Amino acid sequence: MRHLLDTQHLSRGEALEILDVAEDMADTQRREVKKLPTLRGKTVVNLFFEDSTRTRISFEAAAKRLSADVINFSAKGSSVSKGESLQDTAQTLQAMGADAVVIRHGASGAPRTLATSGWITAGVVNAGDGTHEHPTQALLDAFTIRKRLFGDDSRGRDLSGIRVTIVGDVLHSRVARSNVWLLHALGAHVTLVAPPTLVPQDVSGWPVEVDYDLDHAIAAGPDALMMLRIQLERMNAAYFPTEREYSRRYGLDARRLAALPTDSIVLHPGPMNRGLEISAEAADSPRSTVLEQVTNGVSVRMAVLYLLLAGERPHTEKEDLR
Amino acid sequence: MSTRTVMHDADIARALTRISHEILESNKGPEGLVLLGIPTRGVTLANRIGPLVSEFGGAPVPVGSLDVTMYRDDLHRNPTRAPRRTEIPAGGIDGKVVVLIDDVLFSGRSIRAALDALQDIGRPAAVRLATLIDRGHRELPIRPDFVGKNLPSARDERVNVRLAEIDGVEEVTIES
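Chains as they are written, first to last, in my numbering: chain W, 49 to 370; chain F, 61 to 236.
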């Protein structure tokens, strides 16, 4: 694997490879000594143009557990705030000898620009770009669903026949987009639930069903319910009348939690708005996988960094792009 | 290119039986033994030696696997390898006598990686090494304790161990 830019172009086989390597990484994280020497001498740069504590520390933990050196670069207070272009920033990192760049950027497509521009030779990992994709989040969600459903038998298995319902602000959500493509590639059946104002204008090309009624979607008995965060910072237009109304129609409260099938699970990418899209009862119930998702996130990111950095670097620049 | 078969199924079975007896003899019984195979074929061999040692020693000896991929020193020289599974038996390895089992001992670098991997898992009382084939050409000060067959070879020759569970045939060949 040369780069990880999205899940849309990830095949079933490639996705399974990442998930299976993540299983091995997860096993090593139960040992007395959690650090592996695998990426000793490699440098991973976390290049964050948007604030994100969770994703950044997860990547940082993953890189450090594999013995890579980590450089954190956040745009605030850096040369970027003085007007430096992405190209100059990238070339600076190249000159410092970065082997991988983990990038979060407000503009959709920035990671691909970085990977295809020829500015750097490092592997590029998309850690969230605009409203486009957040592939490692989708991978850790799929890993969590697989682990909960199949336990120790997870290796090599996809999610065929599994029904996943994604609820909330699909319009602005890169997590939802990455999950749609990845879950589809793994054979799962995806339903999106959102107010009509928060569904992208044209989703006819997406391999999903759309439902505007959460109770109806819950009655269909999904195996996994993924609650998206309402990103209050993006609620700049009248997408819904009030938070209270949103919560009443699309929040996962105790009643809806009880209506779910007994063995279905509840995912949330965090950070949660308790009382808005998810109630405390749901967030703290044994069905909630919120903390497992955090733990699994480190394993999945270790797998991605391993697959990107451990082997010989292919010299071909163009054909292996994804 | 010529291929020569140096061990047949009966030879392999005899070698494994002898190694099992030698492991018990050197340990003065089955107490504290843990067998760890190195993927892929070392695990197959460990799964065969385990029941033999248990039978001859009269007590069950735990068998596991130890993947060394993430500890190799040549990762960046080769295409990415997928790691394999490490399974440590429930009793752990602390204070145990760990016998590492591999199919072919060559440069010794896999065993160096295995020793590093072991160190991250626990602290065994002792570590021993059993190998079906010792073909020489060591690059590190590592030697086996139990050897199925010493096979003098040229550095550019290929030694192939094929086992029924994985390859459908049971033989050791040398290609030159």
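Mixed in with the good hints there might be a few duds.
[Said to hold, decoys possible] To spell it out: a stretch of chain F is covered by chain W in this simulated footprint if at least three of its residues, at any positions, have a beta carbon under 8 Å from a beta carbon of chain W; those stretches are:
#	segment
1	120-133
2	140-149
3	174-181
[Said to hold, decoys possible] Ranges of calculated distance between the beta carbons of each label pair, as one might list FRET restraints:
#	chain 1	residue 1	chain 2	residue 2	range
4	W	Thr343	F	Pro120	25 to 35 Å
5	F	Gly155	W	Arg303	51 to 61 Å
6	F	Ile202	W	Glu360	37 to 47 Å
7	F	Gly182	W	Asp117	21 to 31 Å
8	W	Gly204	F	His68	29 to 39 Å
9	W	Thr343	F	Gly182	49 to 59 Å
Treat the hints as calculated values from the structure; they're not laboratory data. Keep in mind the model is a prediction, meaning the values are calculated, not measured. No residue lacks a Cβ here, since even glycine has one placed at the ideal position from N, Cα and C.
The hints, checked one at a time:
Coverage of the segment 120-133 of chain F by chain W holds. Counting CB-CB distances below 8 Å, 3 residues qualify, and the rule asks for three or more. A stretch counts as covered by a chain when three or more of its residues have a beta carbon under 8 Å from one of that chain; for the segment 140-149 of chain F and chain W the count is 7, and the coverage holds. Evaluation of the coverage hint for the segment 174-181 of chain F: fulfilled, as 4 residues show C-beta separations to chain W shorter than 8 Å, against a requirement of three. At roughly 34 Å, the beta-carbon separation of Thr343/W and Pro120/F lies within the given 25 to 35 Å, and the hint holds.
For Gly155/F and Arg303/W, the hinted distance range of 51 to 61 Å is satisfied, since their beta carbons lie about 54 Å from each other. Here the CB-CB span from Ile202/F to Glu360/W is close to 26 Å, at odds with the stated 37 to 47 Å. Checked against the hint of 21 to 31 Å, the pair Gly182/F and Asp117/W passes, with Cβ atoms roughly 28 Å apart. For the pair Gly204/W and His68/F, the supplied restraint of 29 to 39 Å holds, since their beta-carbon distance comes to about 33 Å.
Between Thr343/W and Gly182/F the beta carbons are some 22 Å apart, a value that contradicts the proposed interval 49 to 59 Å.
Hint violations for this structure: numbers 6 and 9, all remaining hints satisfied.
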